[in-house]
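A.B. asks: Next come the chains, spelled out residue by residue.
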Amino acid sequence: MSGARETPFPTRMALTTTKLRLKGAQTGHSLLAKKRDALTTRFRAILRKVDEAKRKMGRVMQLASFSLAEVTYATGDISYLVQEQAKTATFKVRAKQDNVSGVIIPAFEADRIAGNDFNLTGLGRGGQQVLRSKEVYAKAVETLVELASLQTAFTILDEVIRATNRRVNAIEHVVIPKLDNTIKYIISELDEMDREEFFRLKKVQGKKKRDAAVAEAKRNAEREPQGEPPVAYEMEEESAAGDLLSSKDDDIIF
Amino acid sequence: MAGNRSLIAVIGDEDSITGLLLAGIGHINEQQRKNFLVVDSKTQVSTIESVFQEFVERRDIAILLINQHIAEKIRPTVDKYQQAFPALLEIPSKDHPYDPSKDSVLKRVQKLAGD
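Order-wise, the sequence lines are chains A and B.
All residue numbers for the first sequence refer to numbering that gives the first Met the number 0, where the first residue is 0 and numbers rise by one.
All residue numbers for the second sequence refer to numbering that gives the first Met the number 0, where the first residue is 0 and numbers rise by one.
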């Protein structure tokens, strides 16, 4: 099964063009494979970091919970108050672009706006605890923001690696075999044409020889009555292939 | 790529929400939509689902925090979530400490690390 191939005209120029394309495809393939490998290494590094960070986050959130429990113990339940007071976020994130081995990945940065942090009226005693809890939670959220950045990087890298891998495989299993088959086809067609040319040449020479022999025989027949000996026809009729090339024929210019 | 995302949204139980709001992430936008949802034992799964969808489609939310035990209730939806934005993060709650084996992102991580 010859497999897929393109169908150009089987000329020598097409052969050269296709060979160049094959070279290009091979270079492209090795470059993409290198990129994919570099990304995969980075990816594994991030993977480990994500794992660590998630476990750390578990611990951090525990701490924060405790501090809130302290507040509740000291002040009573403040959840309703806090929910009511949430109007404008004072803790936001900013996106910035990171470059990870050629891939632009957005990262998050915690952005704290020194705004009118709660009046915290009605909290009376325990205001200290509340402030402390606020700080602990703020720290926790910072950790979460870092984690989110890592996770985003991880997801995006994953996709890019998959896409690159697909292209590498496509080149390896589709493009290169196709070009290979095209080259083989062109070469075989060129060889066939050469053989045809050669065969045609032989035929023509054979015919010329026969014509020459006929003409010679006629001339001898005409000379015969005049008493001249027949000119010996030196060449053989059915010559082997090698003789063709050694004999001199004016029509052949090479 | 990230657009103007700047908010941190939360879907969680009362305690987690209180603490996070204390840190200052609470926000109400012009359409009076909050960026947090308090989930208790009476909250319907469909409500959680629809709020999750809403947060995911909003263009100003950068990070979406969700308590792990609540994520469990909408696990199929969470597992299908593949977008890079907003970043989805499962956090523990007071009564449910963090379980890495249930985290959908970590599950993908483990799967890939096994490659």
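Treat the hints as calculated values from the structure; they're not laboratory data.
Small disclaimer: the values here were computed from a predicted structure and weren't measured.
Among these hints, one or two may not hold up.
[As the list claims (entries may be wrong)] In the DSS-like style, the derived pairs of lysine-lysine whose C-alpha atoms are separated by at most 25 angstroms in a straight line are:
| # | chain 1 | residue 1 | chain 2 | residue 2 |
| --- | --- | --- | --- | --- |
| 1 | A | Lys206 | A | Lys217 |
| 2 | A | Lys55 | B | Lys101 |
| 3 | B | Lys33 | B | Lys93 |
| 4 | A | Lys207 | A | Lys183 |
| 5 | A | Lys48 | B | Lys106 |
| 6 | A | Lys48 | B | Lys41 |
| 7 | A | Lys183 | A | Lys55 |
| 8 | A | Lys34 | A | Lys55 |
| 9 | A | Lys95 | A | Lys34 |
| 10 | A | Lys55 | B | Lys93 |
| 11 | B | Lys41 | B | Lys93 |
| 12 | B | Lys79 | A | Lys138 |
| 13 | A | Lys48 | B | Lys33 |
| 14 | A | Lys55 | B | Lys41 |
| 15 | A | Lys138 | B | Lys93 |
| 16 | A | Lys217 | A | Lys207 |
| 17 | A | Lys86 | B | Lys33 |
[What the hints assert, rightly or not] Pulled from the structure, derived: some chain A residues nowhere near chain B, Cβ distances all over 12 angstroms:
| # | residue |
| --- | --- |
| 18 | Glu5 |
| 19 | Thr16 |
| 20 | Met60 |
| 21 | Met192 |
Cβ atoms here follow ideal geometry from the backbone N, Cα and C, with glycine treated the same way.
A.B. asks: The structure should be examined with respect to each hint, and the outcome stated for every one.
C.D. replies: Now the hints, each set against the structure:
no.: 1; hint: A:Lys206 to A:Lys217; in the structure: 16 angstroms, holds
no.: 2; hint: A:Lys55 to B:Lys101; in the structure: 16 angstroms, holds
no.: 3; hint: B:Lys33 to B:Lys93; in the structure: 23 angstroms, holds
no.: 4; hint: A:Lys207 to A:Lys183; in the structure: 36 angstroms, violated
no.: 5; hint: A:Lys48 to B:Lys106; in the structure: 15 angstroms, holds
no.: 6; hint: A:Lys48 to B:Lys41; in the structure: 37 angstroms, violated
no.: 7; hint: A:Lys183 to A:Lys55; in the structure: 60 angstroms, violated
no.: 8; hint: A:Lys34 to A:Lys55; in the structure: 32 angstroms, violated
no.: 9; hint: A:Lys95 to A:Lys34; in the structure: 23 angstroms, holds
no.: 10; hint: A:Lys55 to B:Lys93; in the structure: 16 angstroms, holds
no.: 11; hint: B:Lys41 to B:Lys93; in the structure: 18 angstroms, holds
no.: 12; hint: B:Lys79 to A:Lys138; in the structure: 30 angstroms, violated
no.: 13; hint: A:Lys48 to B:Lys33; in the structure: 32 angstroms, violated
no.: 14; hint: A:Lys55 to B:Lys41; in the structure: 31 angstroms, violated
no.: 15; hint: A:Lys138 to B:Lys93; in the structure: 17 angstroms, holds
no.: 16; hint: A:Lys217 to A:Lys207; in the structure: 15 angstroms, holds
no.: 17; hint: A:Lys86 to B:Lys33; in the structure: 8 angstroms, holds
no.: 18; hint: Glu5; in the structure: 35 angstroms, holds
no.: 19; hint: Thr16; in the structure: 39 angstroms, holds
no.: 20; hint: Met60; in the structure: 5 angstroms, violated
no.: 21; hint: Met192; in the structure: 50 angstroms, holds
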